[in-house]
Amino acid sequence: MPARAREHHQPSTAPPIPPNLPPHIMSAQSVQPIHCAAALGSVALAYYLLPYLHDPHEYRRRFSGPLLASLSGWWMSYTCLTKDQNEHIRQLHQKYGTFVRIGPNHISISDPDAMEAVYAHGSGLLKSDFYGGAPGQASNTFVELDKSKHLKLRKRIANIFSQQNVLTFQPRVKKHIAQLCAQLDLRCREAARGVSGFNWTTHNGFAVVDFVPSFRISRSMLLATWQLELRSTDPGSERLLSIVGSSDETGQKDKGAVQIPVIAAMASFNTLIVAVQMFPLWARNIVKLLPWYVSGFMKQIRFFGLVAAIIEARLKRGSNEEDGPDFIDKFLEAKNEDGTGMTADELRSETSVMLLAGSDTSSKYACLPIPSVSPLTYLPVPSTLSSLFYHLAIHPDMQRKLQNELDEHLPPIQSEDSDDKNGIAVPPNDIVPDYNDIKNLPYLNACIKEVLRVHSTIGTGLPRIVPEGKTLTVAGQTFKRKRD
167 MPARAREHHQ
177 PSTAPPIPPN
187 LPPHIMSAQS
197 VQPIHCAAAL
207 GSVALAYYLL
217 PYLHDPHEYR
227 RRFSGPLLAS
237 LSGWWMSYTC
247 LTKDQNEHIR
257 QLHQKYGTFV
267 RIGPNHISIS
277 DPDAMEAVYA
287 HGSGLLKSDF
297 YGGAPGQASN
307 TFVELDKSKH
317 LKLRKRIANI
327 FSQQNVLTFQ
337 PRVKKHIAQL
347 CAQLDLRCRE
357 AARGVSGFNW
367 TTHNGFAVVD
377 FVPSFRISRS
387 MLLATWQLEL
397 RSTDPGSERL
407 LSIVGSSDET
417 GQKDKGAVQI
427 PVIAAMASFN
437 TLIVAVQMFP
447 LWARNIVKLL
457 PWYVSGFMKQ
467 IRFFGLVAAI
477 IEARLKRGSN
487 EEDGPDFIDK
497 FLEAKNEDGT
507 GMTADELRSE
517 TSVMLLAGSD
527 TSSKYACLPI
537 PSVSPLTYLP
547 VPSTLSSLFY
557 HLAIHPDMQR
567 KLQNELDEHL
577 PPIQSEDSDD
587 KNGIAVPPND
597 IVPDYNDIKN
607 LPYLNACIKE
617 VLRVHSTIGT
627 GLPRIVPEGK
637 TLTVAGQTFK
647 RKRD
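The working numbering numbers the first residue of the sequence shown as 167 and each following residue consecutively.
Just to be clear, a hint being listed does not mean it is correct.
Unchecked claim - Derived CB-CB ranges, DEER-like:
#1 Lys-454 to Gln-330: 40 to 46 Å
#2 Val-460 to Phe-555: 26 to 32 Å
#3 Met-564 to Arg-256: 19 to 25 Å
#4 Cys-354 to Pro-457: 17 to 23 Å
#5 Pro-599 to Ile-452: 50 to 56 Å
#6 Glu-253 to Pro-457: 23 to 29 Å
#7 Thr-639 to Ile-467: 15 to 21 Å
#8 Thr-639 to Ser-328: 32 to 38 Å
#9 Cys-354 to Thr-509: 29 to 35 Å
#10 Asp-596 to Ala-510: 34 to 40 Å
#11 Asp-277 to Pro-457: 46 to 52 Å
#12 Leu-481 to Asp-221: 16 to 22 Å
What the hints assert, rightly or not - In silico BS3-like cross-links for lysine-lysine, where the CA-CA straight-line distance does not exceed 27 Å:
#13 Lys-318 to Lys-341
#14 Lys-340 to Lys-318
#15 Lys-496 to Lys-318
#16 Lys-567 to Lys-340
#17 Lys-318 to Lys-636
#18 Lys-313 to Lys-636
Don't read these hints as lab results, they were simulated from the structure.
Cβ coordinates follow ideal geometry from the N, Cα and C atoms, glycine included.
With the sequences and hints as input, model every part of the structure.
The structure is reproduced here in structure tokens:
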């Protein structure tokens with residue numbers, strides 16, 4: 167018999183394989199992924215757990231808060247995605263007091279004296295890396311971290327926010343106030359007839375574009391933008407339903423509501439950006455691979471497309487002396503120290519900040535549209551104003567006191583209403599008082615300040631860090647940065 171055949175028939179000397187052992191366990195290759203996962207898990211655990219146990223700033227001993235928040239930025243990111251972060255933090259302050267730990271190195275302070283100590287120009291505190299700009303976007307006054315660069319950017323546009331310049335926007339503001347009054351009158355007339363009409367609320371929280379007068383985003387421009395984004399075949403009032411969700415008198419949701427991509431982009435952009443910024447710089451690119459971020463990425467692209475469309479349409483149309491200047495007019499006039507103006511990228515970047523700032527501080531609306539007339543006849547009321555209306559409505563004695571003050575200092579209205587193109591009675595702009603007529607009314611100012619106190623205009627804090635060599639003391643607690 168050949169040698170090979172004899173070898174084949176010889177009994178094996180290897181130990182027998184236990185019959186109950188799964189075959190895949192015997193493969194060395196199958197063990198490697200388990201080892202890698204265990205190693206990565208150990209590194210991640212050490213990264214989060216060791217600083218917590220070491221506690222270099224003594225935060226664990228001094229400040230209470232959610233355990234997950236003390237370990238990572240996941241807690242803050244999650245509360246951002248719920249769009250209810252301010253309420254979460256308010257409840258934590260009620261439970262724990264003035265100081266709450268909301269991040270590994272992040273302390274929330276609820277104390278009036280902290281406002282000036284933390285945010286005053288001379289405080290010496292610095293912006294945290296929370297402000298890192300969006301990828302591919304030129305730097306702007308909001309995201310720039312370098313103090314010298316930020317000072318140059320701030321100087322370039324500081325004059326825009328002077329009181330003299332802000333008052334040049336007054337014709338546009340008065341026009342919107344007149345439209346708001348017309349909508350309120352319409353609702354009152356419907357209520358007097360016992361007709362409740364449509365019950366309108368904002369869809370996804372945002373309907374700011376037509377309200378922010380300083381951009382002069384007119385109804386026609388907004389419609390053009392919608393058509394570019396949606397390519398809708400229906401030119402009727404259904405377009406409005408993408409901004410506001412409607413319900414009938416029984417409270418049933420209108421089945422004809424559709425979603426406009428650009429509005430959805432504005433609704434989700436701030437939420438996604440803030441949720442990502444809660445993580446350290448090195449982790450953000452990893453977080454952006456998660457499904458909830460990937461699903462919203464195209465909405466971010468649409469938002470930047472919206473900004474570009476706004477600027478392009480505004481430049482093509484030119485200035486309108488009747489309505490007065492807008493922010494884009496002012497941005498085009500802004501000059502750097504060397505006399506040059508903004509580049510196209512800088513113009514888009516600063517415009518994005520202004521549009522997002524307007525939407526963020528006006529993030530909850532009481533929309534007042536006319537659904538049966540025109541898909542674009544609506545006026546969204548920002549959060550501060552809608553909150554003021556709400557609190558005056560539930561405190562009629564304060565409403566009467568404010569009304570008496572206004573009646574005492576403002577002349578009676580004797581001008582007749584004029585119909586707009588939709589047949590709605592709109593009071594002339596000249597019956598809306600100038601800022602100088604009302605700026606010193608004590609009770610009006612008190613009402614506005616109280617609303618700003620009880621109703622946050624933004625949904626998250628604006629974090630600062632204590633630099634090396636600086637000590638901050640607030641409400642008996644001292645913060646200082648130790649050398650890494």
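Here is what the structure says about each hint:
1. Taken as a hint, the range 40 to 46 Å holds for the pair Lys-454 and Gln-330, whose Cβ atoms sit roughly 43 Å apart.
2. With their beta carbons about 39 Å apart, Val-460 and Phe-555 fall outside the hinted range of 26 to 32 Å.
3. A hinted range of 19 to 25 Å for the beta carbons of Met-564 and Arg-256 is consistent with their spacing of about 23 Å.
4. Distance hint check: the CB atoms of Cys-354 and Pro-457 are about 47 Å apart, inconsistent with the given range 17 to 23 Å.
5. With their beta carbons about 54 Å apart, Pro-599 and Ile-452 fall inside the hinted range of 50 to 56 Å.
6. Under the hint 23 to 29 Å, the C-beta atoms of Glu-253 and Pro-457, about 25 Å apart, fit the expected range.
7. About 45 Å separates the C-beta atoms of Thr-639 and Ile-467, a value inconsistent with the hinted range of 15 to 21 Å.
8. At roughly 34 Å, the beta carbons of Thr-639 and Ser-328 sit within the given window of 32 to 38 Å.
9. The beta-carbon spacing between Cys-354 and Thr-509, approximately 49 Å, falls outside the hinted interval of 29 to 35 Å.
10. The supplied range of 34 to 40 Å is met by Asp-596 and Ala-510, whose beta-carbon atoms lie about 38 Å from each other.
11. Roughly 39 Å separates the CB atoms of Asp-277 and Pro-457, a value that falls outside the hinted 46 to 52 Å.
12. Distance hint check for Leu-481 and Asp-221: the Cβ-Cβ separation is about 55 Å, which falls outside the suggested range of 16 to 22 Å.
13. Under the criterion of a C-alpha separation no larger than 27 Å, the hint pairing Lys-318 with Lys-341 is inconsistent with the structure, at around 34 Å.
14. As the CA atoms of Lys-340 and Lys-318 are separated by approximately 33 Å, the hinted pair breaks the 27 Å bound.
15. Only pairs whose Cα atoms come within 27 Å are accepted, and Lys-496 paired with Lys-318 is accepted, the gap being roughly 16 Å.
16. In summary, the hint linking Lys-567 to Lys-340 is supported, as the alpha carbons are separated by about 24 Å, within the 27 Å threshold.
17. For the hint linking Lys-318 to Lys-636, the alpha-carbon distance of about 24 Å falls within 27 Å, and the restraint holds.
18. A hinted pair counts as satisfied when its Cα atoms are at most 27 Å apart, and Lys-313 with Lys-636 qualifies at roughly 16 Å.
The structure is inconsistent with the numbered hints 2, 4, 7, 9, 11, 12, 13, 14, although it conforms to all the rest.
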